[in-house]
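A.B. asks: Here is what each chain is made of, one letter per residue.
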Amino acid sequence: MTGFYVRWAIMVGGLILLALMTFQQYQRDLSTISLATVLNSPATSKPVRIQGMVKSGTLSGAVDQGQATFELIDGPTTLPVEYAGPPLENIRELKTMVLIGHLDPATKTFKAKDTALINNFGFVAAAYLLTVISICWVLFAMSQRVMVLFKEIKDEKLYEPEIDPLGHNK
Amino acid sequence: MLNRFIRWIQRYKGWFGGAAAVCIFLGLYIGLFASPPDYYQGELVRIMYVHVPLAHTSTLAYSVLFFGSIWYLWKRDPLVDNACQASAGICALFTALALITGSIWAKPTWNTWWTWDPRLVSFSVLLLILGGYLMLRKLVDDPERGGRYAAILAIVGGIDLPIIKFSVEWWRTLHQPMSFSTRGVAISDDILIPLTLMSIGAWLLFAYMVMVRTQILYLTDLLHAKKGRLFSQTHFSQTSP
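For the record, the sequence lines run as chains A and B.
For the first sequence, this note's numbering begins at 1 and goes up steadily by one.
For the second sequence, this note's numbering begins at 1001 and goes up steadily by one.
Calculated directly from the structure, the hints in this document are not laboratory data.
Everything numeric in this text was worked out from a predicted model, so none of it was measured.
Be aware that a few hints might be false.
Below, a list of computed lysine-lysine pairs in the BS3-like style, where the Cα atoms sit at most 27 Å apart [as the list claims (entries may be wrong)]:
{"no.": "1", "chain 1": "B", "residue 1": "K1138", "chain 2": "A", "residue 2": "K151"}
{"no.": "2", "chain 1": "B", "residue 1": "K1138", "chain 2": "B", "residue 2": "K1075"}
{"no.": "3", "chain 1": "B", "residue 1": "K1075", "chain 2": "A", "residue 2": "K154"}
{"no.": "4", "chain 1": "A", "residue 1": "K151", "chain 2": "B", "residue 2": "K1226"}
{"no.": "5", "chain 1": "A", "residue 1": "K95", "chain 2": "B", "residue 2": "K1107"}
FRET-style restraints, in silico, Cβ to Cβ [claimed, not checked]:
{"no.": "6", "chain 1": "A", "residue 1": "G66", "chain 2": "B", "residue 2": "Q1041", "range": "15 to 25 Å"}
{"no.": "7", "chain 1": "A", "residue 1": "D64", "chain 2": "B", "residue 2": "Q1041", "range": "15 to 25 Å"}
{"no.": "8", "chain 1": "B", "residue 1": "V1185", "chain 2": "A", "residue 2": "I10", "range": "27 to 37 Å"}
{"no.": "9", "chain 1": "B", "residue 1": "I1009", "chain 2": "A", "residue 2": "R7", "range": "13 to 23 Å"}
{"no.": "10", "chain 1": "B", "residue 1": "P1108", "chain 2": "A", "residue 2": "V6", "range": "32 to 42 Å"}
{"no.": "11", "chain 1": "A", "residue 1": "R7", "chain 2": "B", "residue 2": "V1185", "range": "28 to 38 Å"}
{"no.": "12", "chain 1": "A", "residue 1": "N90", "chain 2": "B", "residue 2": "W1074", "range": "34 to 44 Å"}
{"no.": "13", "chain 1": "A", "residue 1": "W8", "chain 2": "B", "residue 2": "W1074", "range": "37 to 47 Å"}
{"no.": "14", "chain 1": "B", "residue 1": "P1143", "chain 2": "A", "residue 2": "D29", "range": "53 to 63 Å"}
{"no.": "15", "chain 1": "A", "residue 1": "A84", "chain 2": "B", "residue 2": "Q1041", "range": "23 to 33 Å"}
Take a look, some chain B residues computed to stay more than 10 Å from chain A by CB distance [said to hold, decoys possible]:
{"no.": "16", "residue": "A1019"}
{"no.": "17", "residue": "D1077"}
{"no.": "18", "residue": "R1145"}
{"no.": "19", "residue": "G1146"}
{"no.": "20", "residue": "I1163"}
{"no.": "21", "residue": "D1189"}
{"no.": "22", "residue": "W1203"}
Yeah, the Cβ is synthetic: ideal placement off N, Cα and C, and Gly gets one too.
From just these sequences and the hints, can you work out the full model?
C.D. replies: Quick look at the structure:
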């Protein structure tokens, strides 16, 4: 009985550890920050990821050569962006996108060097959690049922000798 | 023959469970950390590492149910019937999860939770067949008759398997075409490795779960038989002069 729960504790512990590691990695490498946070943070040369929508009527420059200027909006905040990097394949006005770069504190302009796809972590997390939790739950219930059945059968066996197989009353 | 095989393989149940756990943990680790994001889908591609193995295993599980049902109708072996019933329950779980994870994946990529796509519809029909199979077993009073009817339903329902497999070739569909075919493998190694590990893990897990469930059904039958015998013995000893 103890071995059963120890096995399950190790498995659940492993899964929780994996989930925490994944969460940490995604927070560190892939999560985006809001435009307001970038504007209010102290200046840093470390690249950050921001997400916002390209403001209508602001996109200009040689987009197919990787040079563009536009304004990014995120709620009430607007941030001018100077993009210089790989050619932008599918940028257009009113498109929500993720930009990687840093804020120039002198001009309050975001110098973007690259773009990334919008992260939909919620969908990934939902799919994984749903699958892992439901399968673990079914497995646990089944394993426990086997133990209960063995116990019940054993109890029935203990009861059996009370009855004389030949029908003689003791 | 199949009866002896089921009894023999039950001895190695723990190995299947252990191997499944190792493959799944490794697959999850590589899938979540080491494999790169997709060029078009980004991080969303990681849903594939759970969705595709679940879907593959569902069809494998139904194949087990299909051939097991043929065997049962031929030999009338109750242990094979138990294995079929176990397979159907686990298959229903995997099918439901494959549909739900597919729906979660479809929302950000197709912009809809559900569409009347041939692959999706044929897969949902599989879930309905399994629901019917399990209900039939519960609703018919005589377990042997219930097993027989359910086996016939499982065999008739087997027609859905080739429809699921070839639906992406036969009809115009939103679902991506087959990645593994005689034309070769249409997936890069970075994605193929975690996908293969997770698929092997899911097959082993299915095998393990079927073995445990078969054991539960066998033990339940045994307990009922034991209780019935005890009852009749007690009754006999009390009523005999």
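A.B. asks: Run every hint past the structure and note whether it holds.
C.D. replies: Checked hints:
1. B:K1138 - A:K151: 25 Å, holds
2. B:K1138 - B:K1075: Between B:K1138 and B:K1075 the Cα gap is close to 22 Å, so the pair holds against 27 Å.
3. B:K1075 - A:K154: Violated, at roughly 31 Å.
4. A:K151 - B:K1226: 13 Å, holds
5. A:K95 - B:K1107: 18 Å, holds
6. A:G66 - B:Q1041: 15 to 25 Å: With a Cβ separation near 23 Å, A:G66 and B:Q1041 satisfy 15 to 25 Å, so the hint holds.
7. A:D64 - B:Q1041: 15 to 25 Å: 23 Å, holds
8. B:V1185 - A:I10: 27 to 37 Å: Between B:V1185 and A:I10, where Cβ atoms are some 35 Å apart, the hint holds.
9. B:I1009 - A:R7: 13 to 23 Å: 21 Å, holds
10. B:P1108 - A:V6: 32 to 42 Å: 40 Å, holds
11. A:R7 - B:V1185: 28 to 38 Å: The hint (28 to 38 Å, Cβ to Cβ) holds, given that A:R7 and B:V1185 are roughly 36 Å apart.
12. A:N90 - B:W1074: 34 to 44 Å: At 59 Å between Cβs, range violated.
13. A:W8 - B:W1074: 37 to 47 Å: 39 Å, holds
14. B:P1143 - A:D29: 53 to 63 Å: With Cβ atoms ~56 Å apart, the hint holds.
15. A:A84 - B:Q1041: 23 to 33 Å: With Cβ atoms ~26 Å apart, the hint holds.
16. A1019: Per Cβ check, B:A1019 is outside 10 Å of chain A; nearest 14 Å; holds.
17. D1077: Fine: 21 Å to the nearest Cβ keeps B:D1077 off the interface.
18. R1145: 25 Å, holds
19. G1146: 21 Å, holds
20. I1163: B:I1163 is indeed farther than 10 Å from all Cβ atoms of chain A, at 25 Å.
21. D1189: Correct as stated: the minimum Cβ-Cβ distance to chain A is 21 Å, above 10 Å.
22. W1203: Given that every Cβ of chain A is farther than 10 Å from that of B:W1203, nearest at about 13 Å, it holds.
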